[in-house]
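Residue numbers (numbering that gives the first Met the number 0), protein chains in the order written: chain A, 0 to 444; chain B, 0 to 317; chain C, 0 to 369.
Just so you know, not all the hints are guaranteed correct.
Straight-line C-alpha distance at most 20 Å; calculated EDC-like pairs for lysine to aspartate or glutamate [unchecked claim]:
1. K7/A - D53/A
2. K105/A - E163/A
3. K73/A - D53/A
4. K108/B - D199/B
5. K191/B - D211/B
6. K7/A - D22/A
7. K165/B - E151/B
8. K105/A - E146/C
9. K432/A - D22/A
10. K320/A - D206/C
11. K105/A - E145/C
12. K115/B - D263/C
13. K115/B - D12/B
14. K108/B - D211/B
15. K115/B - D206/C
16. K7/A - E19/A
17. K165/B - D146/B
18. K115/B - D266/C
19. K204/B - E46/B
20. K329/C - D263/C
21. K115/B - E145/C
Restraint ranges, calculated between C-beta atoms of paired labels, are given here [as the list claims (entries may be wrong)]:
22. R232/C - P264/B: 31 to 39 Å
23. H332/A - P10/C: 23 to 31 Å
24. E378/A - F343/C: 41 to 49 Å
25. L19/C - R159/A: 54 to 62 Å
26. Q311/C - L104/B: 14 to 22 Å
These are calculated hints, taken from the structure and not from any lab test. Positions of the beta carbon are idealized from the N, C-alpha and C atoms, including for glycine.
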Amino acid sequence: MSLLELDKVTVRFGGLTAVEDVDCAVREREIYSIIGPNGAGKTTVFNVITGIYDPSSGQIRFRGRALERAFTWKVVAAAVAIGLATGLAAALLAVNVDALWRATIKRNYAGPGADFSYRAAIHDAWGYWQGALALEPMRGGRWAVRTADGRQTLAYAPSRDEAERTRESLRQLIDVARPGPIRSTTYLEERDGEFVIRNKDDTDDLATFDSAEDRQSALDRYRSLDRAAAARRRNAWLALLGGMVVGAAGTLAVWYRARRTPEVISLAGVARTFQNIRLFQNMSVLENVLVAMDRRLHGGVLRMAIRTPGIRRQEREARAKARELLDFVGLAHREQHLAANLAYGEQRRLEIARALATEPQVILLDEPAAGMNPAESSELNGLIEQIRDRGLAVLLIEHHMSVVMGISDRIAVLEYGTKIAEGTPEQVRTDPKVIAAYLGDEEVS
Amino acid sequence: MFPVLLAAAEAPDAWQTFLQYTLIGLSNGALFALVALGYTMVYGIIELINFAHGEVFMLGSFLALALIGVMGLEEAALWQRWLGIGLLFVVVPIFCGALNVGIDLAVYKPLRDAPKLAPLVSAIGVSFVLMNVGLLWGGAADRHFPDLVSRENLLGSEAALSFTYKDLMIVAVTVPIMIALSVFVKGTRLGKAMRATAQDPLAAKLMGINADRVISVTFAIGGALAGAAAVIYGLYINTVSYQMGFTNGLYAFTAAVLGGIGNIPGAVLGGLVIGLARAFGSGYVGERWTSALVFVILIAILVFRPAGLLGTHAREKV
Amino acid sequence: MSAPRWLDRMPAWPLYLAVLVAFPLLVYPNEVLFRWTGISIGGQLTYIFIYAILALGLNVVVGYTGILHLGIAAFFGIGAYVTGILTVPAYPFGVGFVAALVLSTGAAALAGILLGAPTLRLRGDYVAIVTLGFGEVTRFTLRNLEEITAGTRGLNPVPPPQLPAFLEPPLRLLGITPDWSLDYRLFYFLALGLLLVVIWLLHNLEDSRLGRAWMAIREDELAAACMGINASRVKLSAFALGCGLAGMAGCLYATVLASTAGPDAFDFNRSVLMLCCIILGGLGSLRGTLLGVLLLIGFDNVVAPVLDGFIQASGISSGDNRFLTFSNWKLMIFGLALILMMRFRPEGLLPSRQIEAEMHTPQPLTEETA
Numbered sequence: 000m001s002l003l004e005l006d007k008v009t010v011r012f013g014g015l016t017a018v019e020d021v022d023c024a025v026r027e028r029e030i031y032s033i034i035g036p037n038g039a040g041k042t043t044v045f046n047v048i049t050g051i052y053d054p055s056s057g058q059i060r061f062r063g064r065a066l067e068r069a070f071t072w073k074v075v076a077a078a079v080a081i082g083l084a085t086g087l088a089a090a091l092l093a094v095n096v097d098a099l100w101r102a103t104i105k106r107n108y109a110g111p112g113a114d115f116s117y118r119a120a121i122h123d124a125w126g127y128w129q130g131a132l133a134l135e136p137m138r139g140g141r142w143a144v145r146t147a148d149g150r151q152t153l154a155y156a157p158s159r160d161e162a163e164r165t166r167e168s169l170r171q172l173i174d175v176a177r178p179g180p181i182r183s184t185t186y187l188e189e190r191d192g193e194f195v196i197r198n199k200d201d202t203d204d205l206a207t208f209d210s211a212e213d214r215q216s217a218l219d220r221y222r223s224l225d226r227a228a229a230a231r232r233r234n235a236w237l238a239l240l241g242g243m244v245v246g247a248a249g250t251l252a253v254w255y256r257a258r259r260t261p262e263v264i265s266l267a268g269v270a271r272t273f274q275n276i277r278l279f280q281n282m283s284v285l286e287n288v289l290v291a292m293d294r295r296l297h298g299g300v301l302r303m304a305i306r307t308p309g310i311r312r313q314e315r316e317a318r319a320k321a322r323e324l325l326d327f328v329g330l331a332h333r334e335q336h337l338a339a340n341l342a343y344g345e346q347r348r349l350e351i352a353r354a355l356a357t358e359p360q361v362i363l364l365d366e367p368a369a370g371m372n373p374a375e376s377s378e379l380n381g382l383i384e385q386i387r388d389r390g391l392a393v394l395l396i397e398h399h400m401s402v403v404m405g406i407s408d409r410i411a412v413l414e415y416g417t418k419i420a421e422g423t424p425e426q427v428r429t430d431p432k433v434i435a436a437y438l439g440d441e442e443v444s
Numbered sequence: 000m001f002p003v004l005l006a007a008a009e010a011p012d013a014w015q016t017f018l019q020y021t022l023i024g025l026s027n028g029a030l031f032a033l034v035a036l037g038y039t040m041v042y043g044i045i046e047l048i049n050f051a052h053g054e055v056f057m058l059g060s061f062l063a064l065a066l067i068g069v070m071g072l073e074e075a076a077l078w079q080r081w082l083g084i085g086l087l088f089v090v091v092p093i094f095c096g097a098l099n100v101g102i103d104l105a106v107y108k109p110l111r112d113a114p115k116l117a118p119l120v121s122a123i124g125v126s127f128v129l130m131n132v133g134l135l136w137g138g139a140a141d142r143h144f145p146d147l148v149s150r151e152n153l154l155g156s157e158a159a160l161s162f163t164y165k166d167l168m169i170v171a172v173t174v175p176i177m178i179a180l181s182v183f184v185k186g187t188r189l190g191k192a193m194r195a196t197a198q199d200p201l202a203a204k205l206m207g208i209n210a211d212r213v214i215s216v217t218f219a220i221g222g223a224l225a226g227a228a229a230v231i232y233g234l235y236i237n238t239v240s241y242q243m244g245f246t247n248g249l250y251a252f253t254a255a256v257l258g259g260i261g262n263i264p265g266a267v268l269g270g271l272v273i274g275l276a277r278a279f280g281s282g283y284v285g286e287r288w289t290s291a292l293v294f295v296i297l298i299a300i301l302v303f304r305p306a307g308l309l310g311t312h313a314r315e316k317v
Numbered sequence: 000m001s002a003p004r005w006l007d008r009m010p011a012w013p014l015y016l017a018v019l020v021a022f023p024l025l026v027y028p029n030e031v032l033f034r035w036t037g038i039s040i041g042g043q044l045t046y047i048f049i050y051a052i053l054a055l056g057l058n059v060v061v062g063y064t065g066i067l068h069l070g071i072a073a074f075f076g077i078g079a080y081v082t083g084i085l086t087v088p089a090y091p092f093g094v095g096f097v098a099a100l101v102l103s104t105g106a107a108a109l110a111g112i113l114l115g116a117p118t119l120r121l122r123g124d125y126v127a128i129v130t131l132g133f134g135e136v137t138r139f140t141l142r143n144l145e146e147i148t149a150g151t152r153g154l155n156p157v158p159p160p161q162l163p164a165f166l167e168p169p170l171r172l173l174g175i176t177p178d179w180s181l182d183y184r185l186f187y188f189l190a191l192g193l194l195l196v197v198i199w200l201l202h203n204l205e206d207s208r209l210g211r212a213w214m215a216i217r218e219d220e221l222a223a224a225c226m227g228i229n230a231s232r233v234k235l236s237a238f239a240l241g242c243g244l245a246g247m248a249g250c251l252y253a254t255v256l257a258s259t260a261g262p263d264a265f266d267f268n269r270s271v272l273m274l275c276c277i278i279l280g281g282l283g284s285l286r287g288t289l290l291g292v293l294l295l296i297g298f299d300n301v302v303a304p305v306l307d308g309f310i311q312a313s314g315i316s317s318g319d320n321r322f323l324t325f326s327n328w329k330l331m332i333f334g335l336a337l338i339l340m341m342r343f344r345p346e347g348l349l350p351s352r353q354i355e356a357e358m359h360t361p362q363p364l365t366e367e368t369a
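The shape of chain A in the complex, shown without the other chains (with noise of 0.2 Å):
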């Protein structure tokens, strides 16, 4: 089976075709170059393999599989879990968070030293919900009876038994007042020249009035208090309900951009280096090793930040590891240096280590022998077959043929986004739609 493999792989730019049903199968242990000339989009086929573009159609897989963040039971739960915290955040601004503190916290405590509990609380932010009335204490012992939030006054009363008294009284109103079954006759009377309202139940009566308006404003305010609690607690839904699909919703769009991107393919094993070295130039050349290395170390924030002896073992390991891979590209004496200072082959040289350093299966080198010379460059092949001695593939751009002559196994040939040719050194070099793609254009490289 081949280890990384592009089927019909397309990919536009608005209206330009950058590199159109390009295939090609890369195997184990193989070095596999990709030629052509300039603008053949040769780049384009890495920056789509790594994750930088996505292809418009066909097809990336290595292994077998494509290089994409699986859409696990991880995702699912962090979109409810987001869901849920977005609509709780939602619905308690809805209910109005300020007035619930005043409800449950401030009217449960008294000031220092008083006794507070949390039962209450609770109990008190139900009936918020619910819409139940509340006693506040006033200055000189006077006591008022609320609605749940505060914002209006519906009575005042000396004491707090008196207070008791007219809440039972003013729920049993709200209650009368309830639009229901049960219609105004059954409740409503005029006695004796007073306008009465009357228990459902039984013939207590509630309230008396002078007149049948002054009745009616009442009831058509105990009503309106009704509708409000009514209204809260739709609109608390709503904001649940609406913040649970925006944030769930939220997560899951998050998630889709950013299933296939340049991490989750280096992680797959897949690693490059850049035509226009992007080392990070002002950290030092055993930094840049270590920053590739950062999957293979673990440990939270706390034990990094505190240095415990597993992190320091860790860190040393990781720093010979490092060193290994200098050595191996011959920049061990070099560590120290800032990547900006190392000649240009050096740092090409260096991407190599970095690139190396995340433990590849496949390697992407893209034109790493431009601006070296002869012997820079007759080493460098050495060192590409070394890197396929240790077990992994290699995938070439390269524009010496000295390099891409000497030491692949295949190649392939692009022209204006298409593969024109492929195949082993010999058979590519004879192939005429090769010849004539090279010399064309009349520049050879």
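Guided by the hints, dock chains B and C onto chain A, whose structure is given.
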């Protein structure tokens, strides 16, 4: 939005109220769009959040206030008043445009090749300096801006909806400006050079476009738009203060981001969205929570469209 | 004449630390300075330590990771208010200082995660505007939740920490009265101690897997991603840590001030002032950040009021002329400082080796394709 609409449906005259809020939202939104355009155009050309833009706007309204005092417009006859207001719409934009160009030449231009953080931080610095100029010019307290445009309802004093001369002024100034701007950017040589520079500064330079000139023109236009917005703001809101540049600049910038920064139609769309969100927010949720609402909308839109409503995702070339 | 080699090689920080420890213990210097300026320098140093923690937090986000964070004051405020709610006698929670410190740090970090998770994937400029917006919205929210936060007045009194009994004798031995309200030096050493712990932790982090990943992302996010670094998660960790430290500073601030202060203490100016500190001192550099805080907060809290006092006393101004009040020029001074620093010394006064190099590399020409 849904609970808000339900609440609207419940109240009597719900649709009238809704329409009224929409009108307010659109006219305020047009104002934000005018300021947002300055942000987005500058960003489009040199990828810089020009934090000082809001302060240019603020100084513009201070200048308008001073000019009104000098010309004695409050006591003037009606025709003189209109002439004076017309004059404001000429002088203040010129001042703001020149100020903006001056800032660019003095502060941002030397930093063209520096890392992105440098001009950005400088822009914050310029914003502070200008805010301080405003503080010294106008003092720390809010200043009253003369109420020169009538609040009379154009739809008749009995009409249920209100659309005043002030609202008319916003429409009458912003719509032609926006049309002129889009004609300029699409049709003229300079406008095309501007778009080319925004897309690819290097290529534009190689094609013989004078990038410095294009950048200066962009700053001039952005500043002038802010100047026009400053006059409208003063005449419409009637209160100016040295901090108004920051708060309104923040809304305008949010509008630019929401629409997709660098995108001119996006800034207008974003401005209208912010205007509407603010109007509905203060109408249905409460004045105090408007800014939080706008912020939540911004985050929600960016989660689903990371480059803004009309923005395109820029890709880095490797 | 050159110093002996061992002196050359000795780090300077133990000396600074010794001065900072000795200054309040000697009593006399502070009293002399107080007589000159009318300001307790020791008391102001306590605030400088607190702002240093805040600035170090901001430095993790802006300096190490390269995310422009314009709303750090909001997280400072969240820390202060969480502490206020948990400790003031008006509320039943009555949590101790250590618990409040942990919870405020955690709450601010959580707020940072909630803000960062959906937004840190966005383009850098968008993150700047989102953090700026968050800062303003937090301030309005703190003002609007009047039942909880007491509106513009702020929550008070925030009680001082409980002093463990075993500490009293040694403190008396050093001549310190073990009463928080009588002797500023208790808070002084508390803040200094916490600052030292934070410095130590950050110093360790700088040279760890995470610190390297932060800096790699600042240098080249795409290359870092191609090396298998999960950029959004790494940025989120920096953001959470930075905001958490801001919350910790906020807790300390409220405790020392014995009040949460009003919401306007946590406005955009505060955020930019902290940004000025780390830029002046040197982005990404621990030493630079500390120096920047010392210079700018020292200027803001000590020099500016002293100058205002002199101007008043000298009779140049009766105080109603706004041009002659020094504080009215503060924004101008900070603004000019930012502009001039960016123009002439963008790497700051004490830059980290790496940022210095970055600031002098011309921006690589990247072409954008749609």
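Verification of the hints:
| no. | hint | verdict |
| --- | --- | --- |
| 1 | K7/A - D53/A | holds, 13 Å |
| 2 | K105/A - E163/A | holds, 19 Å |
| 3 | K73/A - D53/A | violated, 24 Å |
| 4 | K108/B - D199/B | holds, 18 Å |
| 5 | K191/B - D211/B | holds, 15 Å |
| 6 | K7/A - D22/A | holds, 5 Å |
| 7 | K165/B - E151/B | holds, 8 Å |
| 8 | K105/A - E146/C | holds, 8 Å |
| 9 | K432/A - D22/A | holds, 17 Å |
| 10 | K320/A - D206/C | holds, 17 Å |
| 11 | K105/A - E145/C | holds, 12 Å |
| 12 | K115/B - D263/C | violated, 30 Å |
| 13 | K115/B - D12/B | violated, 52 Å |
| 14 | K108/B - D211/B | holds, 9 Å |
| 15 | K115/B - D206/C | violated, 26 Å |
| 16 | K7/A - E19/A | holds, 7 Å |
| 17 | K165/B - D146/B | holds, 10 Å |
| 18 | K115/B - D266/C | violated, 25 Å |
| 19 | K204/B - E46/B | holds, 16 Å |
| 20 | K329/C - D263/C | holds, 17 Å |
| 21 | K115/B - E145/C | violated, 40 Å |
| 22 | R232/C - P264/B: 31 to 39 Å | holds, 35 Å |
| 23 | H332/A - P10/C: 23 to 31 Å | holds, 28 Å |
| 24 | E378/A - F343/C: 41 to 49 Å | holds, 44 Å |
| 25 | L19/C - R159/A: 54 to 62 Å | holds, 57 Å |
| 26 | Q311/C - L104/B: 14 to 22 Å | violated, 39 Å |
Taken one by one, the earlier hints fail for this structure at numbers 3, 12, 13, 15, 18, 21 and 26, listed in ascending order.
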